[in-house]
Amino acid sequence: MMPIMKKILNRTETYVILTALLFGIAVEAVSGQFFSNTGMINLARAVMVYLVFGITEMLSLTCAGPDVSYPALASLSAFITASWFGSASYQGSIIVPFLVCMAIGALGGMINGYIMARFDFPSLIVTLGTSSVFSGIMYGPLKASNTILHGTMAEFGSINMIAVTNPENGLKANLPAQFLIVTVLYLIVFFLLRYTMFGRGLYAIGSDKAAAERSGFKTGRIIFLAYTLGGTIAAIGGFMYTCNVGAISPSDLMGGEMIIIAACTLGGIRPGAGIGGLFNVIIGVVLLIMIQNNLLMLGIPLYFQDVFTGAIILLGTIVAINSQRSRNGIKKNG
Amino acid sequence: MNDGVLSVENINKSFGGVHALKDVSMQIRGGEVHCLSGENGSGKSTLIKIISGYYKPDSGKICVDGNEYREMTPAESINHGIQVIYQDFSLFPNLSVMENLSINAEAARGSKIISYKRMRETALRAVEKINLKIDMKAKVADLSVADRQMTAIARALVHDAKVIIMDEATASLTRNEVNCLFKVIHQLKEEGVAIVFVSHKLDEVFEISDSITIFRNGMNVVSCKASEINEERFSYYMTGREIQSTQEKPLVGDSSRIMLETKNLTVEGAFEDVSIQLYKGEIFGIAGQLGSGRTELAMTLFGMADIKSGEILMEGNPIKISSVQKAKQLKIGYVPEDRLTEGLFLEQALVENVAVTHLADLSSKAGFYHKKEAEEETTQWIDTLSISPRNRNNLAQKLSGGNQQKVVLAKWLACNPSILILNGPTVGVDIGAKQDIYDLLNQYASQGMSIIIASDDILEIKKLCNRVAVMKGGKINAFLCGEEVTEQALIEASI
Amino acid sequence: MAEKSGVYLKKIMNDPIFRIFILMSAVVIFGALLMPGKFLTAGNMTSIAKQLSEYGILALAVFICMVSGGIDLSVVYIANLCGIIIGTMLSKTIGSSDFAGSAAWMIVFSSAAVMAVGCVCGALNGILIGKLKVPAMLATLGSGQLILGISTVITNGQAITGVPAVFTKLSGIKFWILPLNFQVFIFCAVIMYMIMSRTSFGLRTLLIGSNSKAAFFSGINNNRDLVKIYTISGLLASVSGIISTMRMSSAKPDYGTSYIMFSILICVFGGTSPNGGKGNVPGIVLAAIVLQMVATLMNMFQNLSTFYRDIVWGALLLIMLIINYILDNRHVTKR
Chain E
48 MMPIMKKILN RTETYVILTA LLFGIAVEAV SGQFFSNTGM INLARAVMVY
98 LVFGITEMLS LTCAGPDVSY PALASLSAFI TASWFGSASY QGSIIVPFLV
148 CMAIGALGGM INGYIMARFD FPSLIVTLGT SSVFSGIMYG PLKASNTILH
198 GTMAEFGSIN MIAVTNPENG LKANLPAQFL IVTVLYLIVF FLLRYTMFGR
248 GLYAIGSDKA AAERSGFKTG RIIFLAYTLG GTIAAIGGFM YTCNVGAISP
298 SDLMGGEMII IAACTLGGIR PGAGIGGLFN VIIGVVLLIM IQNNLLMLGI
348 PLYFQDVFTG AIILLGTIVA INSQRSRNGI KKNG
Chain D
12 MNDGVLSVEN INKSFGGVHA LKDVSMQIRG GEVHCLSGEN GSGKSTLIKI
62 ISGYYKPDSG KICVDGNEYR EMTPAESINH GIQVIYQDFS LFPNLSVMEN
112 LSINAEAARG SKIISYKRMR ETALRAVEKI NLKIDMKAKV ADLSVADRQM
162 TAIARALVHD AKVIIMDEAT ASLTRNEVNC LFKVIHQLKE EGVAIVFVSH
212 KLDEVFEISD SITIFRNGMN VVSCKASEIN EERFSYYMTG REIQSTQEKP
262 LVGDSSRIML ETKNLTVEGA FEDVSIQLYK GEIFGIAGQL GSGRTELAMT
312 LFGMADIKSG EILMEGNPIK ISSVQKAKQL KIGYVPEDRL TEGLFLEQAL
362 VENVAVTHLA DLSSKAGFYH KKEAEEETTQ WIDTLSISPR NRNNLAQKLS
412 GGNQQKVVLA KWLACNPSIL ILNGPTVGVD IGAKQDIYDL LNQYASQGMS
462 IIIASDDILE IKKLCNRVAV MKGGKINAFL CGEEVTEQAL IEASI
Chain V
7 MAEKSGVYLK KIMNDPIFRI FILMSAVVIF GALLMPGKFL TAGNMTSIAK
57 QLSEYGILAL AVFICMVSGG IDLSVVYIAN LCGIIIGTML SKTIGSSDFA
107 GSAAWMIVFS SAAVMAVGCV CGALNGILIG KLKVPAMLAT LGSGQLILGI
157 STVITNGQAI TGVPAVFTKL SGIKFWILPL NFQVFIFCAV IMYMIMSRTS
207 FGLRTLLIGS NSKAAFFSGI NNNRDLVKIY TISGLLASVS GIISTMRMSS
257 AKPDYGTSYI MFSILICVFG GTSPNGGKGN VPGIVLAAIV LQMVATLMNM
307 FQNLSTFYRD IVWGALLLIM LIINYILDNR HVTKR
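Residue numbers (this note's numbering), protein chains in the order written: chain E, 48 to 381; chain D, 12 to 506; chain V, 7 to 341.
Worth flagging that the hints you see were computed from the coordinates, not collected in a lab. Any given hint could turn out to be false.
[Stated by the list, open to error] Incomplete in silico selection of chain V near chain D, CB under 8 Å:
(1) Trp111
(2) Gly225
(3) Asn229
[As the list claims (entries may be wrong)] Listed next, the in silico SDA-like pairs over lysine to any residue satisfying Cα-Cα at most 25 Å (straight line):
(4) Lys256(E) - Thr181(D)
(5) Lys473(D) - Ile145(D)
(6) Lys284(V) - Thr352(D)
(7) Lys139(V) - Gln336(D)
(8) Lys67(D) - Phe271(E)
(9) Lys378(E) - Ala157(D)
(10) Lys265(E) - Arg165(E)
(11) Lys284(V) - Glu358(D)
(12) Lys139(V) - Phe271(E)
(13) Lys284(V) - Ile28(V)
(14) Lys67(D) - Lys378(E)
Idealized CB from N, CA, C, for every residue including glycine.
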């Protein structure tokens, strides 16, 4: 019994889950709404898009480092798709715009992937550059602006999977059918990571790129694929978000990279070291979104929320990084 | 043309302006241990990387299995049965033992989907071959260094290898493990596998090899049977000059002046109850294999550890060496084990590499750095230590291992330490520079510097040290002094 | 003979400052040709000089962090916070009707106070990165958010207005033809140059970026130096915030969030290696001038929306990285 307990206590994931539970209990104590059916459904609804973006970020974090370009890419893909298919005149299948959006995301991802595979630049700087290009294209030549969706895409956003009503106060909550997409995505990526050379290669590269090459992995190809896949998935996220909201607001998603990166780190992913997987993304995102959305509930005034979120992110990062304490008294780096 | 399993002919390889391999040919036969030796920078690592497919040659060909190749990919190399065990093992710490063992094979197959069942079978076959007892599910990051080495070796045996190249594979092994390894090598020989053993440790080379090839300056200077060459000719071919092996006795220090003393020193997770004394003007040896605690002890004396119990005294006064800065203040210097990651700034010039430890001395009170002083000082050290090439503006990464080590030595000698600690002073250093470093250490000791050498090189300890503490398993296992310091005694106490 | 000039040419091409100089000349010529009579005017040059100061100082801040092997993504937020604080302080003192003291001293005092705030923010970053071992990217991303949050609390999300005219008029002062802002930038650049190239602290910064482990083993106090490095960064950010508020007579929490990319661009353009251990101040100054010229040139084309600029900057960043890589790393040809 003891060794298992010790192992569990040593993992960052344990503390994240514990914190989430504690927080949930606190909110429940104040509002009585947290663990209700509407509360849970609303939470699931809130984390949906973030979960998707989390995959993109995780792919980049595992083999290289942070990716800050995916909000721009997601917005760009969604915007282009919506401008072509978002009017009332389009009544065809939802599949077509979905695939188109994915294709645009893939293209953007390929640009990231090519540069990252070919050169040894820090991912932060490369993706800063591509982010600028993507958002520039969107706002510049394409003159992106807020538009309401009609037609198929708007309908898609309103399909619900689960609809619940809270018996106590009659509030309703809906879980969009898009949640299914998220589940499918996670299953696919899980399979890729676990059961293909691409997935294992990704971890090997994160661990030691040169060794991975020497072991016979085609590292360039794997990195290229990782970012292409990431771009595609980000586009899916953008698509989902746009349909959900029922309108295109290009600037909505921008600036969201901070939350996702923080969520991944909090959840236990170590950037550029090949440590951490999908489970870490999930618990990190859930914890962070939970906190963000419920600060008001706990009585924290609106304007203080950024401070709070920032502080929690910093605290969580410090704890996550320092949880790998060395087992002896030797300090190798001061 | 070639009755060997693997041969290379007329290989040339350059990096920018550096001609690393000049028209190199070599033949490797099955069922034989072929030793490849040479100083750092002689080209042997480059050749290995070409054979393994990591680099492609500028010209020449590789013949394996009867096929000729102008260049190979790593996957092709693995598929032809060529396996390389690197000095850093090239394992993936974040993956499990089972995955590490089978990953090469899976990658080389080109399969997209992984079958964990197949991987497990591969892994089991691998550990059976060398009778390795290990937890398949353990993450390599949690393994001891010795276990990692054995895992790396087992991985190489997975693929029904025809040629196994061991690149300085014994660098981190204890005597026991080296013996185990040699047993495995003999076994493989019998099965007809060709072994290329890259090493510069004379005793190992002569113990295990059937034939020997020596590289110098990117050229193959001699290929012959092991029986046709002796130690002196070996050194001669390696360095191109006759080495006088001095038979002087190690220096005896002044026992009335105890410069540094530890009493029952204990550091959590590293070593316990260590009590040693360093006399003035001597070279004190801390012997011990990897994991014995010798590196940790050396680092502790340089301020890099939290002491759990016990004390340290300097000339009789108790002191706390709480940080590296404090150690420097106490006039203690430390030449680290791994010069590439811990000792040098590879992309900086020699001037900065030498100046780094005493920038305050080279600057005015206001903090202005006097570059000219640093440059002149570096030139002096280049002369004193015979560092070549003599250009002080050379980047550190351009120097050979021996010269690099001299630079690290220079930066600490420039601080005028009264106590100098060296950890593995001649690891990866060619024979010529080795002797230079030994002569230097003796010279400084005889002028009054007190020196501690932590090393697993028995010959080195025997040559330099009159008094030795042998560590094993985190404790001092034996104290040897004067006549007691023999190879036999050192080996026995460290196993 | 041909061989010798070949070697000489190689040496020149290897010097990052020279590369930028050539680029700058190219831009000037290009600009003169494309917009004859409008580009090469004194008025235009003054405008360029005025605008680039804010970016330039932020770039200097990012520069020192990059050289040490890290980065500071919070500089913009620090600048905004400082701008907000000084704007608020001045509008509540000089700007109020019952102020009876010396405006000049108030300005000096407020500036000093705000620079202290910048130092504190920077020191916070330094502690996170040094003592607490948080990777620079994550630490400054997080602290940036925190500082943004604090700014939001102070201003309730609005912009600060009512900055006294006596303060904002300062930005109009010219010494010879160069505006005050530019003088401040050059002053900061000179100080940074002295620090980086002439002091042992500057050399230590470089070495920490080159190999922080070896620096530690050589007795350099990494943690202490990192705190100093990021404090300087925070200080520079505060200066940028002050002159920004001076110029625009307002400040808000999230102003200029795209500046960070531009600052990184200036650093990379100026020959700073994103991995640390390489970079110099003259390169930064020249890069800032060149890029501001390009920006101004693009502005002159009326039908080009500002967002095209983003595309250009992003593409330019990537291209510069690749060019630097090719020119610096020609020695390894693997496959």
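These are the hints, each one checked on the structure:
1. Trp111: 29 Å, violated
2. Gly225: Interface hint status for Gly225(V): holds (5 Å vs cutoff 8 Å).
3. Asn229: 10 Å, violated
4. Lys256(E) - Thr181(D): Holds - the C-alpha atoms of Thr181(D) and Lys256(E) are around 24 Å apart, at most 25 Å.
5. Lys473(D) - Ile145(D): 35 Å, violated
6. Lys284(V) - Thr352(D): 18 Å, holds
7. Lys139(V) - Gln336(D): 19 Å, holds
8. Lys67(D) - Phe271(E): 23 Å, holds
9. Lys378(E) - Ala157(D): Satisfied, since the Cα-Cα distance of roughly 22 Å is no more than 25 Å.
10. Lys265(E) - Arg165(E): 12 Å, holds
11. Lys284(V) - Glu358(D): Status holds; Cα separation ~9 Å.
12. Lys139(V) - Phe271(E): Given pair Lys139(V), Phe271(E) is violated - Cα atoms ~30 Å apart, limit 25 Å.
13. Lys284(V) - Ile28(V): 20 Å, holds
14. Lys67(D) - Lys378(E): 41 Å, violated
Hints 1, 3, 5, 12, 14 from the list above are not met by this structure, while the remaining hints are.
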